[in-house]
Amino acid sequence: MKLQPIIFLVFFGGLLMSCSNSGNKNEEDLSSVDTVIAPESFGVAKESMEELIENVSSPIEIASLLLEEKVPFNKEYIVSTKHVDDLVSDFDCAINLGLLGTDLGYLNLYEKTGSVMSTVSAINDLSDKLKVGQFFDFELLKRLANNSNNLDSLIFTSVSSFNDMDEYLRANSRTNVSALIVSGVWLESTYLATQVYKSKSNKKIAERIGEQKIILNNLVIIIENYSSDPRFAELLVDLKKLQTLYQEVSIVNVDAQPESKVVNGMLVITQTSTSTVNITDELISKIGLEVTALRNKMINVKA
Amino acid sequence: MVLLLIAKSFAFSQCDATLVTNCCQNINSNFIFLLNYKAKLGKAPSKAEIPVARYSVLLSKGNTYRLDVCSALDFEGEAILQLYDGTKLVASTYQAETKTDFKAFEFYCSKTAIYKIYISFLDGRPGCAVGILSMKK
Chain V
7 MKLQPIIFLV FFGGLLMSCS NSGNKNEEDL SSVDTVIAPE SFGVAKESME
57 ELIENVSSPI EIASLLLEEK VPFNKEYIVS TKHVDDLVSD FDCAINLGLL
107 GTDLGYLNLY EKTGSVMSTV SAINDLSDKL KVGQFFDFEL LKRLANNSNN
157 LDSLIFTSVS SFNDMDEYLR ANSRTNVSAL IVSGVWLEST YLATQVYKSK
207 SNKKIAERIG EQKIILNNLV IIIENYSSDP RFAELLVDLK KLQTLYQEVS
257 IVNVDAQPES KVVNGMLVIT QTSTSTVNIT DELISKIGLE VTALRNKMIN
307 VKA
Chain Y
7 MVLLLIAKSF AFSQCDATLV TNCCQNINSN FIFLLNYKAK LGKAPSKAEI
57 PVARYSVLLS KGNTYRLDVC SALDFEGEAI LQLYDGTKLV ASTYQAETKT
107 DFKAFEFYCS KTAIYKIYIS FLDGRPGCAV GILSMKK
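In order, the protein sequences belong to chains V and Y. If you're matching positions, the first sequence starts at 7 in the working numbering and goes up one per residue. If you're matching positions, the second sequence starts at 7 in the working numbering and goes up one per residue.
If we strip away everything but chain Y, and leave its shape as in the complex, we get:
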């Protein structure tokens, strides 16, 4: 039930600018909004070729960041947001082993570097989503 409620707050009907506005509502008052990342991807041609929207961002040590991802309800795809340090996966909103979809994570950064943010959709379904980067005050 709790998971259902969480999932609902991260899913919005429209694949447009309101998705950013609505997704920001998940950020609590301890965080400052920094960036948003939009992703609209088609159906994967195969499981080995799942489309990914890629971005990069400089994160600074000593800061705690929060990354949220929200999917538009008018698409079937459920978004997954992943954070990479180089080629190394640091964090993911979706834990494949347990099939848990957190929709967000907090990241305490201890190394200033350029990180990669990947947004894709579970099982390569077509989808529309927005990722929100915020920073703890």
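Next up, chain V with everything else stripped away, as it sits in the complex:
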């Protein structure tokens, strides 16, 4: 029984001591009629699709890893928001919403709240175009972004907004839009990791790039499910090119019993299983080129 579908892990950074309300713009908008027609899907049950989308997550973990590895912030990595006005189709809006969502998380995690507004504004525009703007309280996000003391609330509000939007999309038979958003999220986070790796070789980052194989395999299934739509079919071809590259990545798991103890009243479980990712620098370079090409294709859309 699946009661609440995924939530995107789009936004990273900061603590969450105070979880403020996400402050939806207009509750009445929740009943707005969908205008997006989902393309015919192939055979994957709705519940299975939701589970697959749930697994396409964790860009926050890549950004968090970059921070942990003391990788400096680089504004060249994030998507320029200038093209957003030119985006028309739901396909393009959804993918770009995912790309920008990852960027917003990257900005938040590095506490670049002063640079957040153009990204927040673009997200607001795209969500309006997708008729899910009711889940983003632009004024609240603006206020939070303008005060560095509100980082916790900014992150929580951002995450909650995306979560609520996703729940709504899937409850209203718009899982195809969710699929595109998570594709954008994944694409941008993999782009970030590969760009960083180009300038700083790092074992942990290399492994994390390799681990994207797990998510990519799910993404291919998800997008394939909607490939009766020519745009989905085109995206599928690009993802399969990446999947071919990723076939050279091997992940070796060794299972073992976890250990548990109670520390200051908190149950702490330490896993002792291991996973080893084998990926070469050359392969990372090839993946980086392919991811960059796909990302650019998604950004440079002709209206």
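It should be emphasised that the hints constitute simulated quantities derived from the structure, not laboratory data. Note that the Cβ used here is the ideal one computed from N, Cα and C, for glycine as well.
Below are the PhoX-like pairs computed for lysine-lysine, each with C-alpha atoms no more than 20 Å apart in a straight line:
#	chain 1	residue 1	chain 2	residue 2
1	V	Lys118	V	Lys76
2	Y	Lys67	V	Lys76
3	Y	Lys142	V	Lys267
4	Y	Lys67	V	Lys219
5	V	Lys76	Y	Lys142
6	Y	Lys67	Y	Lys143
7	Y	Lys143	V	Lys118
8	V	Lys210	Y	Lys67
9	V	Lys267	Y	Lys94
10	Y	Lys105	V	Lys267
11	V	Lys210	Y	Lys142
Part of the chain V face toward chain Y, derived, beta carbon under 10 Å:
#	residue
12	Asn169
13	Ile221
14	Thr280
Computed spacing ranges between beta-carbons, pair by pair:
#	chain 1	residue 1	chain 2	residue 2	range
15	V	Ser124	Y	Ala23	21 to 31 Å
16	V	Val269	Y	Gly92	24 to 34 Å
17	V	Val268	Y	Lys53	27 to 37 Å
18	V	Asn270	Y	Thr93	28 to 38 Å
19	Y	Pro132	V	Asn306	49 to 59 Å
20	Y	Leu95	V	Val269	18 to 28 Å
21	Y	Lys143	V	Ser179	36 to 46 Å
22	V	Val268	Y	Asp129	21 to 31 Å
23	V	Met123	Y	Pro51	44 to 54 Å
24	Y	Pro132	V	Lys204	49 to 59 Å
25	Y	Lys53	V	Lys246	40 to 50 Å
26	V	Lys81	Y	Asp80	39 to 49 Å
Once you've looked at the hints, dock chain Y against the given chain V.
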């Protein structure tokens, strides 16, 4: 007394969006909020058929995660959150042997994989709850 206090902080009155907000208050400043999982389940038809809300999530090695579960007070069910690696139970907020209800646990992940999160209610009572996934900074 301590247990009572802990239990109180993980129980909130409303089965609505405020449950997520309130449950997040249990996360300390060392953790980043990642996801929430809602579960509203009816009474179990029998002890052998306890309803479960199931989710899946990719967890990455090298990270310490925290999973909290909070129950709505307007339902009688006390929520249990369990983490599975495939079919293997890795962690549970409720320890049946000692009847200890921790309401949360920290999980140091050493294997990147897709894990399952199950939320159910003790003895199959009807309940409403939210699970919160956060990650140590």
